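The primary structure of each chain is shown beneath.
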Amino acid sequence: MNDWLTRKEEYLPRAGGLRFLDRSLLSILSVLSRIRRPEKTVGGQVYRLNPTLKLVTVFIVILTLSLSRSASFVYLADSCILLAAALLDAGDLLNTLLLSTTIALFGLLILLPSMFTGNGGNSLLLLAKIAGSALAVNFLAHSTKWRHMTRAIKFFRVPDLFILVLELAVKYIVILGEFSIHMLQALRARSVGRNTHAHRELSNLAGILYFKSREMAEQTYSAMECRGFTGEYPSPKVRTFSASDLVYLGANLALAAAFVYFSLGKNG
Amino acid sequence: MHIPDNYLSPQTCAVMGAAMLPVWTLAVRKVKKEVSDRKLPLLGISAAFSFLVMMFNVPLPGGTTGHAIGATLVAILLGPWAATLSVSIALLIQAVLFGDGGILAFGANSFNMAFVIPFTGYFLYRLLTAIWKSPAAKYPVSFIAAYVSINIAAFCAAVEFGIQPMLFRDAAGLPIYCPYPLSVSIPAMLIPHLAVAGVLDGLITAGVLAYVGRIAPDAVAADAPEKPRLTPLYILIGVLAVFTPLGLIAKGTAWGEWAADEIKSVAGYVPAAMVKHSFKAPLTDYSVPFIRNVIAGYAASAILGIAALLIAFKLLSLVFRKPASTGEAKEISR
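If you read the sequences in order, they're chains W and R. The opening residue of the first sequence carries number 41 in my numbering; numbering runs sequentially from there. The opening residue of the second sequence carries number 688 in my numbering; numbering runs sequentially from there.
Mixed in with the good hints, there may be bad ones.
[Stated by the list, open to error] Below, computed lysine to aspartate or glutamate pairings styled on DMTMM-like, alpha-carbon distance capped at 20 Å:
#1 W:Lys211 to W:Asp200
#2 W:Lys185 to W:Glu207
#3 W:Lys211 to W:Glu241
#4 R:Lys719 to W:Glu272
#5 R:Lys719 to W:Glu207
#6 R:Lys720 to W:Asp285
#7 R:Lys717 to W:Asp200
#8 R:Lys719 to W:Asp200
#9 R:Lys719 to W:Glu258
#10 W:Lys185 to R:Asp787
#11 R:Lys720 to W:Glu272
#12 W:Lys185 to W:Asp129
#13 W:Lys252 to R:Asp905
#14 R:Lys720 to W:Glu258
#15 R:Lys719 to W:Asp129
In short, the hints are calculated from the structure, not lab data. This structure is a prediction, so every number in the text was calculated from the model and none was measured.
Same shape as in the complex, but just chain W (with noise of 0.2 Å):
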């Protein structure tokens, strides 16, 4: 028998040589479980609440918190976030608790110098603001699917070029993800220890994916000459406003009109 079958196999891979490679594929499957998020049946009110509305709303909420310099409103508002928020499922809670957290103590950390040279109160502020925009962005994301919101964005007279590309990107994340997905799998699955060549390969992938892309245009205008799709989209036909609606509608327009109590009427 040959003396290095006898030889015991002391393999040990050096750490974090191919954590790229983990944290692309992380990235990627987050978004794609993002986008791909099934259609809630039994979710609470707040994620059959009208998009077009709840667009609207939160387009307002984040102008209204960026504009007012009232600590009385930015914390009421916040604290209305906040309850929107509470309404959502326990994963989608945690998920933008946990995203608007990070952002919260990215601005934290930016602002602190300012804090300590004099300036504590207006970052206390802005701190209180960003939270605020961040909870108010993630509680629209997590609560409405993406079809709806191009649906609501329609809504605005945007034009039909820009909706199909909107909507075309989506899609188009999704499969070239999915695609990318499969792609750093099978890298992954060849690369034993240290990856030395990171760089070139992660270059040759968005190669692939830039051809992949080309390929699939051509075959969606295809798809889109078969089926006699102009590019144009129908308005949305009009949706009546639920019980839930009118109660979310009330509650902005109390939150607007606290606006112009503190923050135009110098009462804050």
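Please arrange chain R on chain W, whose structure you already have, making use of the hints.
Same frame as chain W, but now just chain R:
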């Protein structure tokens, strides 16, 4: 470089959004004209491509990872107008669906990443490949284009941050949005981009172009023969004209632009040659003498400056015009 909400004032966001509106309109028009219907889906799929390129984590020294923006890459592959649309859409999806980058700051983020990077990157690439014609030069050139353009964008973002404390203060004079002046925001943004992010973007851009060039050399839009156009130059001049007032807000004098008394305070004496050849400009300190308002005076001098440049270039082009056109005319008349 994704600016979240509330670091910039809503007024700044509105100005940046308003600046992007004509760019987006023009981009849609250009793309519709240049890209045939057949290639329309390519726009959406390119947006997906640029979104995914931002997801690829690249190993960095010290065991950490970072991600490239890839906007120069998309501009070189598809052309700058298509890149502007694709990257804007990718940024919109990131802002609305993932809360990465603000909703109000979408205009500012698009300006930095979907306008400044693709256009500076693309034209730098074209300019340098025109000077340095060897096919092998394309890769270092694409690295330089990506590196420089991401740093110009980081500089723009730093300026957007840095002007906040100058413009928006409370009654006590304390800043209410981003509290750091240009002297802090510029190094804070530029050092990481000059040292790490720019190199990363350059490497990915050059790497992908090398791969694409090897497999299908005709798939790169920026390498297509095209007659040089002046539109980008006009846009650049416009942008510079808009951004130059920042120089007027700053208290110090630009490096090398000292007046004689400033030179005396720095060096202790005024060189004799400077005393002899003092030049009196018609529009001293960028102001037109009979206009009192500073902003109106600045605007007028900027317009006059641009007009003077255009007139000079047009007249020069008359002098250096090639005689070929007259030759052709003669042949036709014969």
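Evaluation of the provided hints:
no.	hint	result
1	W:Lys211 to W:Asp200	16 Å, holds
2	W:Lys185 to W:Glu207	12 Å, holds
3	W:Lys211 to W:Glu241	26 Å, violated
4	R:Lys719 to W:Glu272	15 Å, holds
5	R:Lys719 to W:Glu207	18 Å, holds
6	R:Lys720 to W:Asp285	43 Å, violated
7	R:Lys717 to W:Asp200	16 Å, holds
8	R:Lys719 to W:Asp200	12 Å, holds
9	R:Lys719 to W:Glu258	16 Å, holds
10	W:Lys185 to R:Asp787	17 Å, holds
11	R:Lys720 to W:Glu272	18 Å, holds
12	W:Lys185 to W:Asp129	14 Å, holds
13	W:Lys252 to R:Asp905	15 Å, holds
14	R:Lys720 to W:Glu258	18 Å, holds
15	R:Lys719 to W:Asp129	43 Å, violated
Checked against the numbered hints given earlier, this structure breaks hints 3, 6 and 15; the rest are met.
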